[in-house]
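S.K.: Protein chains in written order, with our numbering: chain F, 1 to 643; chain D, 1 to 206.
Don't read these hints as lab results, they were simulated from the structure. Take the hints with a grain of salt, since some may be wrong.
[To be verified] Once the Cα atoms are required to be at most 27 Å apart in a straight line, the calculated DSSO-like pairs of lysine-lysine come out as: (1) F:Lys348 / F:Lys281; (2) D:Lys28 / D:Lys56; (3) F:Lys275 / F:Lys156; (4) F:Lys234 / F:Lys77; (5) F:Lys174 / D:Lys54; (6) F:Lys348 / D:Lys130; (7) D:Lys151 / D:Lys130; (8) F:Lys174 / D:Lys28; (9) F:Lys191 / F:Lys281; (10) F:Lys281 / D:Lys28; (11) F:Lys275 / F:Lys396; (12) D:Lys45 / D:Lys56; (13) D:Lys45 / F:Lys281; (14) F:Lys156 / D:Lys169; (15) D:Lys56 / F:Lys165; (16) D:Lys130 / D:Lys45; (17) D:Lys28 / D:Lys45; (18) F:Lys174 / F:Lys275; (19) F:Lys273 / F:Lys234; (20) D:Lys45 / F:Lys348; (21) D:Lys54 / F:Lys156; (22) D:Lys45 / D:Lys172; (23) D:Lys54 / F:Lys165; (24) D:Lys151 / F:Lys165; (25) F:Lys273 / F:Lys191; (26) F:Lys149 / D:Lys45; (27) F:Lys138 / F:Lys118; (28) F:Lys348 / D:Lys56; (29) F:Lys275 / F:Lys191; (30) F:Lys138 / F:Lys251; (31) D:Lys56 / D:Lys175; (32) F:Lys149 / F:Lys138.
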Amino acid sequence: MALAFPPHAIQSILEIANNLAASAGTSNQQTGSGDASSTSNITSAASLVRINDDLTPNWMSELKMSQARNNNSLAFKSILDQPVINIDRLRALSFGGIPMEHRPIVWQILLNYLPPEKKLHGRILSDKRNQYVQLVQKFYQSEMSPDDKTLLNQVKLDVPRTMPKGFSQTPLFKSTILHLVLERILYVWSKTNPLISYFQGLNDIPAQFLLVFLTQYINIHGNLTDLNCDILDKVEADTFWCLSLLMNNLKNRFINFHDGINRMAMKLERLVKLKEENLSKHLQNEGCDFILFSLRWMICLLSREFEFRLCNRLWDSYIAHGPNFGYFHIYVCAALITTKEWVPVLQKREFSDLIVFLQRLPTDSWNIHHIDHLLVGAYQIFLLEIQSAVQESTKKIVQFFISQNTNSSSSIDNNNNNNDNSSNDDNNSSNNNDQSVPTIIEPIDKNPLLLENHMKNIYLSFLKSQNNHQLSSSINQVPIINNSSIAAFNNPQQQLAAGFSLLNKHFLNNQNNNSNSNNNSPIDLEQIKSKIMTEFLPSYLNISQISPESADEEMIKHITLHLMVIIGALLFVGVILLVVIICTCLTIISLEYYNSIDVSISLDQHRFNIRNIITQIDDIQTLDITINLCLLNQSIENVRLKI
Amino acid sequence: MEEFHFKCIVTGPPCVGKSSLLLQFCEKEFSAELDTTVGVEFQSKTMELDSTYKIKLEIWDTAGQESFRSITNNYYRGAHIALLVYDITNRQSFQYLGSWLEEISQMSGENIVTLLIGNKSDHNDRRVVKVEEGERFARENNILFIETSAKDNTNVEKAFEDATRQVVKLIKEGKMVVVNKKPQTVSLNQKEDPKQQQQQKKSGCC
Numbered sequence: 001m002a003l004a005f006p007p008h009a010i011q012s013i014l015e016i017a018n019n020l021a022a023s024a025g026t027s028n029q030q031t032g033s034g035d036a037s038s039t040s041n042i043t044s045a046a047s048l049v050r051i052n053d054d055l056t057p058n059w060m061s062e063l064k065m066s067q068a069r070n071n072n073s074l075a076f077k078s079i080l081d082q083p084v085i086n087i088d089r090l091r092a093l094s095f096g097g098i099p100m101e102h103r104p105i106v107w108q109i110l111l112n113y114l115p116p117e118k119k120l121h122g123r124i125l126s127d128k129r130n131q132y133v134q135l136v137q138k139f140y141q142s143e144m145s146p147d148d149k150t151l152l153n154q155v156k157l158d159v160p161r162t163m164p165k166g167f168s169q170t171p172l173f174k175s176t177i178l179h180l181v182l183e184r185i186l187y188v189w190s191k192t193n194p195l196i197s198y199f200q201g202l203n204d205i206p207a208q209f210l211l212v213f214l215t216q217y218i219n220i221h222g223n224l225t226d227l228n229c230d231i232l233d234k235v236e237a238d239t240f241w242c243l244s245l246l247m248n249n250l251k252n253r254f255i256n257f258h259d260g261i262n263r264m265a266m267k268l269e270r271l272v273k274l275k276e277e278n279l280s281k282h283l284q285n286e287g288c289d290f291i292l293f294s295l296r297w298m299i300c301l302l303s304r305e306f307e308f309r310l311c312n313r314l315w316d317s318y319i320a321h322g323p324n325f326g327y328f329h330i331y332v333c334a335a336l337i338t339t340k341e342w343v344p345v346l347q348k349r350e351f352s353d354l355i356v357f358l359q360r361l362p363t364d365s366w367n368i369h370h371i372d373h374l375l376v377g378a379y380q381i382f383l384l385e386i387q388s389a390v391q392e393s394t395k396k397i398v399q400f401f402i403s404q405n406t407n408s409s410s411s412i413d414n415n416n417n418n419n420d421n422s423s424n425d426d427n428n429s430s431n432n433n434d435q436s437v438p439t440i441i442e443p444i445d446k447n448p449l450l451l452e453n454h455m456k457n458i459y460l461s462f463l464k465s466q467n468n469h470q471l472s473s474s475i476n477q478v479p480i481i482n483n484s485s486i487a488a489f490n491n492p493q494q495q496l497a498a499g500f501s502l503l504n505k506h507f508l509n510n511q512n513n514n515s516n517s518n519n520n521s522p523i524d525l526e527q528i529k530s531k532i533m534t535e536f537l538p539s540y541l542n543i544s545q546i547s548p549e550s551a552d553e554e555m556i557k558h559i560t561l562h563l564m565v566i567i568g569a570l571l572f573v574g575v576i577l578l579v580v581i582i583c584t585c586l587t588i589i590s591l592e593y594y595n596s597i598d599v600s601i602s603l604d605q606h607r608f609n610i611r612n613i614i615t616q617i618d619d620i621q622t623l624d625i626t627i628n629l630c631l632l633n634q635s636i637e638n639v640r641l642k643i
Numbered sequence: 001m002e003e004f005h006f007k008c009i010v011t012g013p014p015c016v017g018k019s020s021l022l023l024q025f026c027e028k029e030f031s032a033e034l035d036t037t038v039g040v041e042f043q044s045k046t047m048e049l050d051s052t053y054k055i056k057l058e059i060w061d062t063a064g065q066e067s068f069r070s071i072t073n074n075y076y077r078g079a080h081i082a083l084l085v086y087d088i089t090n091r092q093s094f095q096y097l098g099s100w101l102e103e104i105s106q107m108s109g110e111n112i113v114t115l116l117i118g119n120k121s122d123h124n125d126r127r128v129v130k131v132e133e134g135e136r137f138a139r140e141n142n143i144l145f146i147e148t149s150a151k152d153n154t155n156v157e158k159a160f161e162d163a164t165r166q167v168v169k170l171i172k173e174g175k176m177v178v179v180n181k182k183p184q185t186v187s188l189n190q191k192e193d194p195k196q197q198q199q200q201k202k203s204g205c206c
């Protein structure tokens, strides 16, 4: 919640609201709403409500705006002309929209692609562009695995279908050179971000960057005679880096796709409920799933819903918002659904018509002012969210006091008499509280603008609701928190302290009464105080609890999980390697040992065998010869005898 | 005239012309540069069938890409018709139809009329998947088959008519039950819903 609206964003939105109120005020002066030009935060907050009644700007405000834009352009020039650019000032100024001629460089600076020191720009640009060329060589122009080929095929299929709103009649996005540029950007990005990789709809984001950066060199609506490779190379690299930097801010959302999207849709649903409860009920009754229409808004950052110029204006605010703009984006989406003109239309529609309407929002007639209204609307929803959070926790505290009272005191009726006498107690107890409260309030206090103007309303409305609501007999005494005493406080710290002191006082009265009969009461008081501090206040002030987007935690979880898996794998591999090394060493040693013995033995055996064989052969041969000789002799003798 | 509400999902690999088919069917338009579908998109159209039935079709156009599968799968529930689309000029889109079919039956239950559509039939010169192959695949898996062209509007209407006619036929034979006439809705967060629906369906079937 707090991430969605950092102080500089709130400041800028209040300024936008003031401008809108001022322009509305000039047209409404005859009807007597002249105080709109006041610049104080309180009146601007009050005027937030009025702005909504006047959504269609007339030519007067149009004229004023164009004057303002000229001044704006000068202001940008003066910031950008400095040797070291003041990022904070640039950020604050950019939130309200960047003039077209400055947009490319301001986006690049705010996305941290370019440093604030102007003299470094040239070097960094050439470095980064070279780096990109290397990445392209590494991933795109080298051998690809089958998986990479399917990825590239998918990108190749989608790239020609990329068509930013309002460019279907111009040749730019139909040219094959541009398709190749987009294809390389998307493919290399997917390879450098394997955890997310490419998904459909991502192609719309670099398309916006390409268009904005191309405006530096060519007329993007005209024919492409001026377009050459040199320009495209530069723009391609710039787009790639800016896409990477922008997506880094949204990473935790898309790593676990299903959960991230679901979380966003749920948050959106809750915000819409805060703003337009009837509409949210209607959507629920019709079974209209928020994911159905909001998925595209979340992924394409509304670039498909708005025409190029309007989308640029919205993205000015997103980029100026800083790394947490993703949270802010959900509020903008909520403001978009609850656009005042659309709410009655939506409430009449049935499921199918509802979805069709939300999938094709009629934003063709919108102009820059509508985006301003949208941003202010997002802030209004944020205020409502704070209000409901404060109400919730105040209710809790009061209920706690009631339960304590009913437990500890049986004679509540007597307290009425003490109310008037206890003004001194009031001061004392508030002093007591002031010592302990500020330390706990600190987290919210860092963002003082959040509560300053609205705590009054919150308390008053809460008290009203409590008055109407019959909680119990004891709560009727709480109205000692009268309106005037609250209104006298100016900052939330004091208000909180006051609220507690008054509750405390009320409680103290009871205790005083009881102390006559019960001696342990001072200890109880201390206990209860500590209980409030530990149990209720933290839940109220813990911003991370109010904010449902625990995406950062998830990111950390994700990273630690990965790290653990990697370390585990490394250990495992190490152990295996060790075992293998030991085994091989052992076998080598043993083999060598055995080999040396074996060889000598076998050689000996061979020698012995051979000798044996030879002697055998010798024996056989001599035997053969003697036999032969004998036979020969016999035959000779036979012959002799015959003769 | 008897009136029916049917839920129809259009599914298949990326870039085969699912959204174009719908655009042609619902708005009678064609555009070569349609944006990629992100998640699920919805259309509805009322049509007449044989001038005896009035049919309101709720058509859910799902994204073809893998990343969205976990989201699109939720919309298969309770569908009466599934149109499984492939591209006749792209062999890859035809290759893995088996797994797509499996997913359809897994996500929606057995009781669904599936129609296989070979799209881009206007590109006959670039054809790589023969008509017979599509027919054979359909016969083997016991589903309907048709070739269409979203570009010159051949068979687009007929594809939807064939599918709805089959559903009506099944209903008349008592083999399929339309659970409710109101458009069926899906919620991601209610996990008990599908069981209930299935139970309803089962009791209806028996």
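S.K.: If a hint holds in the structure, say so; if it does not, say that too.
M.R.: Hints, verified against the model:
A threshold of 27 Å between alpha carbons decides the hint, and for Lys348 of chain F with Lys281 of chain F the separation of about 12 Å falls inside it, so the pair holds. Simply put, Lys28 of chain D and Lys56 of chain D have alpha-carbon atoms about 17 Å apart, close enough for the 27 Å limit, and the pair holds. As the CA atoms of Lys275 of chain F and Lys156 of chain F are separated by approximately 42 Å, the hinted pair breaks the 27 Å bound. Restraint check for Lys234 of chain F and Lys77 of chain F: the C-alpha separation of about 23 Å stays at or below 27 Å, so the hint holds.
Among the hinted pairs, Lys174 of chain F with Lys54 of chain D is inconsistent with the structure: their alpha-carbon atoms are about 41 Å apart, more than 27 Å. Taken as a hint, the Lys348 of chain F and Lys130 of chain D pair is broken in the structure, with Cα atoms around 49 Å apart against an allowance of 27 Å. Of the pairs offered as hints, the one joining Lys151 of chain D and Lys130 of chain D holds, with about 19 Å between alpha carbons and a cut-off of 27 Å not exceeded. Using a Cα cut-off of 27 Å, the hinted pair Lys174 of chain F and Lys28 of chain D holds, with the two alpha carbons roughly 23 Å apart.
Pair hint Lys191 of chain F plus Lys281 of chain F does not hold up; C-alpha atoms about 43 Å apart against a cutoff of 27 Å. Between the alpha carbons of Lys281 of chain F and Lys28 of chain D the distance comes to roughly 35 Å, so the proposed pair goes past 27 Å and is violated. Annotation: proposed proximity of Lys275 of chain F to Lys396 of chain F holds, straight-line Cα distance about 23 Å (limit 27 Å). With a CA separation close to 6 Å, the supplied pair Lys45 of chain D and Lys56 of chain D stays within the 27 Å bound.
For the proposed pair Lys45 of chain D and Lys281 of chain F, the alpha carbon gap of about 26 Å is at most 27 Å, so the pair holds. The straight-line distance between the Cα atoms of Lys156 of chain F and Lys169 of chain D is roughly 42 Å, outside the 27 Å bound, and the hint therefore fails. Proximity of Lys56 of chain D to Lys165 of chain F is assessed by CA-CA distance (about 31 Å); at most 27 Å being required, the pair is judged violated. The hinted pair formed by Lys130 of chain D and Lys45 of chain D fails the criterion: a straight-line CA distance of about 31 Å is larger than 27 Å.
The suggested pairing of Lys28 of chain D with Lys45 of chain D holds, with an alpha-carbon distance near 12 Å, which does not exceed 27 Å. Between Lys174 of chain F and Lys275 of chain F, the direct Cα distance comes to roughly 42 Å. Violation of the 27 Å bound is thereby established for this hinted pair. Under the criterion of a C-alpha separation no larger than 27 Å, the hint pairing Lys273 of chain F with Lys234 of chain F is inconsistent with the structure, at around 46 Å. As the CA atoms of Lys45 of chain D and Lys348 of chain F are separated by approximately 19 Å, the hinted pair is consistent with the 27 Å bound.
Of the pairs offered as hints, the one joining Lys54 of chain D and Lys156 of chain F is violated, with about 41 Å between alpha carbons and a cut-off of 27 Å exceeded. Of the supplied pair hints, the one linking Lys45 of chain D and Lys172 of chain D holds, its CA atoms being roughly 22 Å apart against a limit of 27 Å. For the hint pairing Lys54 of chain D with Lys165 of chain F, the CA-to-CA distance comes to about 36 Å; that exceeds 27 Å, so the pair is violated. Between the alpha carbons of Lys151 of chain D and Lys165 of chain F the distance comes to roughly 22 Å, so the proposed pair stays at or under 27 Å and holds.
Straight-line distance between C-alpha atoms of Lys273 of chain F and Lys191 of chain F comes to about 40 Å, which puts the hinted pair past the 27 Å bound. A hinted pair counts as satisfied when its Cα atoms are at most 27 Å apart, and Lys149 of chain F with Lys45 of chain D does not qualify at roughly 38 Å. Taking the CA atoms of Lys138 of chain F and Lys118 of chain F, the gap is near 31 Å; set against the 27 Å cutoff, the hint is violated. This hinted pair checks out: Lys348 of chain F and Lys56 of chain D have alpha carbons roughly 19 Å apart, not beyond 27 Å.
Distance check on the hinted pair: Lys275 of chain F and Lys191 of chain F sit about 41 Å apart at the alpha-carbon level, beyond 27 Å; violated. Taking the CA atoms of Lys138 of chain F and Lys251 of chain F, the gap is near 23 Å; set against the 27 Å cutoff, the hint holds. In summary, the hint linking Lys56 of chain D to Lys175 of chain D is supported, as the alpha carbons are separated by about 20 Å, within the 27 Å threshold. With a C-alpha separation of about 15 Å, the suggested pair Lys149 of chain F and Lys138 of chain F falls inside the 27 Å cut-off, and the hint holds.
Violated hints, in rising order: 3, 5, 6, 9, 10, 14, 15, 16, 18, 19, 21, 23, 25, 26, 27 and 29; the structure is consistent with all others.
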